[in-house]
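Based on the provided sequences and hints, a complete structural model is requested.
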Amino acid sequence: MEIPVQRHAQCSRRSLHFEIDCQPQRLVQVCSALSRAGFGFAGLIVEEWQRQWWLRYAFHSLSGSGGKILRRTLAEPPEPADFAPLCSSADWIDVLIRQPLTRTSYPSISSEVLAADWHEREAEDLFELTFEGHPRLGDFVLHDVAWQEGLAPMRKDFNAHTPPSERRPNPAWRPQRIVHEPGSFLMPIGPIYGGVSESVHFTLETVGEDVIRALPRLFYKYRAVEKIAEGRAAPDLLLLAERFNGIAAFAHGLACAQAIETVAGVEPPARALTLRVMLAELERLRHHTGTIHDICESTALTVAASQAAILEEELLRLSGSLTGHRYLFGLLMPGGLSRDFEQHSLADAVRAVQDIARRLTQLERHLVTTSSFLDRLEEVGIVTPALARTYGLVGPVARASGLACDLRRAQPYAAYDAYTFDIPQEQDGDGYARLRVLFAEARQASRILGQAVNMLPDGPVCVACPDIPPGAALGWSEAPVGATFHWIHADEQGRVSRYHIMSPSFANWHGFHLAAEKFAFQDFPIILATFGLSAAETDR
Amino acid sequence: MTQWVLEGLRAGIRTTRYPFAPETAAGVSPGLPAAGELARPDLERLIARCPTAALASADGRLVVDARRCVHCFRCVRGSDTPAPWQGGYEWATGEGTLGKTFTRSLHIRVVDAGDCGACLHEVKQLAGPYYSLHRLGFFISPTPRQADVLLVVGPGTDQMREALTKAYKAMPTPRTVIAVGTCALSGGVFGSNFACGGGISSILPVDVEVPGNPPPPLAILHALLLATGRAAPAAKERQTAGERMP
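Line by line, the protein sequences are chains F and P.
In terms of numbering that gives the first Met the number 0, the first sequence is residues 0 to 539.
In terms of numbering that gives the first Met the number 0, the second sequence is residues 0 to 245.
Note that these hints are calculated values from the structure, not bench results.
Backbone N, C-alpha and C define an ideal beta-carbon position, used for all residues, glycine too.
A portion of the hints provided could be inaccurate.
[What the hints assert, rightly or not] Computed spacing ranges between beta-carbons, pair by pair:
#1 Phe-138/P - Gln-51/F: 53 to 61 Å
#2 Asp-156/F - His-133/P: 48 to 56 Å
#3 Arg-102/F - Pro-173/P: 33 to 41 Å
#4 Pro-181/F - Thr-14/P: 49 to 57 Å
#5 Gln-2/P - Glu-208/F: 29 to 37 Å
#6 Gln-2/P - Arg-71/F: 20 to 28 Å
#7 Gly-7/P - Gln-521/F: 23 to 31 Å
#8 Pro-469/F - Ala-52/P: 28 to 36 Å
#9 Tyr-192/F - Gly-228/P: 26 to 34 Å
#10 Tyr-192/F - His-133/P: 18 to 26 Å
#11 Phe-138/P - Pro-134/F: 44 to 52 Å
#12 Arg-134/P - Ser-371/F: 24 to 32 Å
#13 Ala-171/F - His-133/P: 53 to 61 Å
#14 Asp-347/F - Pro-18/P: 28 to 36 Å
[Unchecked claim] To give an idea of the interface, some chain P residues facing chain F are shown, with a C-beta separation under 8 Å as derived from the structure:
#15 Trp-3
#16 Ala-10
#17 Ile-12
#18 Ala-20
#19 Thr-23
#20 Val-27
#21 Val-69
#22 Phe-72
#23 Val-122
#24 Thr-156
#25 Asn-192
#26 Cys-195
Right under this line is the structure:
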């Protein structure tokens, strides 16, 4: 096989990362200006660092160029008139607040940047910080029926392995009622519900047929991943990154590995970068096939569900026979990959993927001519583009609502800048639009794999990654559900001092109620399936 | 609608022959490290490489605690002398207490107690055409009240403890608990901390254990067969020398 020109991310381009020191009183103004300038909100990273609070509000440009990271710091935010030049040159802007530990109250930005709503609730629950002006704090990660307020497990003085000596749960806690119409009632669902489902609780409020309010209650699966990550060495951190959300293990592992490599100043070899793209796309294809299966199953279209299940199992077996693990565990390591692949087995795998993608398209052709199936999806679970933008939704859900944001294009990583692929986009924002985006992305995944296998450079798949020096970095990837960001801060000994995962399901669960509300009860499982969300990814 | 009938027929029968014949297709199982003879320095190096203490030495031999293996492959990749590796999937251990009454109709309530999604996903595959658990008289039940088996995945998080206990108490007797996956057996990479219990046995009495991170669908099928006395448990120590991983 002919191997054409070798291209990869080791290019001359530079990615500009700004860090702006900001006083709390200017925080809302600065963050809302960045949000209005079209920057995406990646998340709020709270750290207890050297006897100070560090609150980092991470924003990313939706049109970055990728490449080597250049850091710039600004001692204070620019005047409002000077925001435009900053926003046009920066790829990333971190707004950083540094305050003594005694100050525990900060302004809430969620009225201006709604995507920060749940981030602030999480920080309140895990660090006992207060966000002035936030309408709803408390009972988020740590449920009041299990733990008392004021626990703050992410504080440095909290030991994860010694259970708190005192537990004062509040057994009288009840979900908040919002609907007070005559005849309204609350329908609780979960955390154990349905056939085989993740543990999530929903409070659906209704006066009869239609769901008026739908609030998901998450974190039943809180495993304190970020807490137990502290004190670990970099390779052991990857074990957690891969295993906290097993169905998108590679995407999360990749974001984590890239963060470690940025801190360590290590560039993986070109072959590893291309192989990472291939494995990430294989995972995306499998994940999307699984979501398509769930959608078919939720509409009780059994034959279609079985057809999708066949393709999904074939992809799992393909992953298993190619890499040794059906969910691609154990492949990533800081500096590259843990193993190489024979060219012929990769070529066979890509041929198999292309065949599966062809059969998936055939399945789509049958589905779009099945009116009983379309009736359940069309104009159901609508998220308008304006609301998707306000809530900062990510991934296929956002792209089905007219937001063409994809980190593979917006902030290229690994070798993504070397391939031609489309970012599928729909405007309708309903369940059917989300299904079409999933099918289209599955085809694009197969297209990228087809290009990558022909452009695979020779050489090693891993460079030695030394013990990481003190430092911090953000790693990101476009996981199957959407943009994911992993923040790592290493201390003087090269151990993790803070690890924070900002996951796509976290962002999309926040906006899930938009789709579920004002639709009938029987549409609820279908809308849920079209979102393709994971509780494990959110709960951590 | 006829198109779906034709599509269904065109797909043909994909279902595995297991348990009537072994499944030999590639990629159905990640395999596990196996016990074997190794030189002492190699043995020590391998044991040090394992992040979850799944490897140990006994009388100078490598022994494997499958309940702890998280499939990080560190004992086979990047190591000069790789650990012996064994394919297969009949990994479930424990005792089948339900007996012959349940051979044709066993109802299973699946509970997610903090699973990463992979084990749950493998359980989902069981209902698909490749594994079709219904052909063996196994059914997924929507409620614990009509379930004979509580199939639990995940390490047992603190906030799921109450729901899990309630589900168990709601089941009629005789009942069996199957713990699926390394996290459910030993806590896996999460271990034991204030938010998660280091395994289901800290919450419920576990009858059947299935190792694997995640266990492949066939291993879960083996556990269900074991629970009804239709299969023998995995050998206590896996003695075979195993084959080499690429």
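Here's how the hints hold up against the structure:
no.	hint	verdict
1	Phe-138/P - Gln-51/F: 53 to 61 Å	holds, 57 Å
2	Asp-156/F - His-133/P: 48 to 56 Å	holds, 53 Å
3	Arg-102/F - Pro-173/P: 33 to 41 Å	violated, 59 Å
4	Pro-181/F - Thr-14/P: 49 to 57 Å	holds, 53 Å
5	Gln-2/P - Glu-208/F: 29 to 37 Å	holds, 32 Å
6	Gln-2/P - Arg-71/F: 20 to 28 Å	violated, 59 Å
7	Gly-7/P - Gln-521/F: 23 to 31 Å	holds, 25 Å
8	Pro-469/F - Ala-52/P: 28 to 36 Å	holds, 29 Å
9	Tyr-192/F - Gly-228/P: 26 to 34 Å	holds, 31 Å
10	Tyr-192/F - His-133/P: 18 to 26 Å	holds, 21 Å
11	Phe-138/P - Pro-134/F: 44 to 52 Å	holds, 45 Å
12	Arg-134/P - Ser-371/F: 24 to 32 Å	holds, 27 Å
13	Ala-171/F - His-133/P: 53 to 61 Å	violated, 43 Å
14	Asp-347/F - Pro-18/P: 28 to 36 Å	holds, 30 Å
15	Trp-3	holds, 4 Å
16	Ala-10	holds, 6 Å
17	Ile-12	violated, 11 Å
18	Ala-20	violated, 17 Å
19	Thr-23	violated, 12 Å
20	Val-27	holds, 6 Å
21	Val-69	holds, 7 Å
22	Phe-72	holds, 4 Å
23	Val-122	holds, 5 Å
24	Thr-156	holds, 5 Å
25	Asn-192	holds, 4 Å
26	Cys-195	holds, 5 Å
In summary, the numbered hints that this structure violates are 3, 6, 13, 17, 18, 19.
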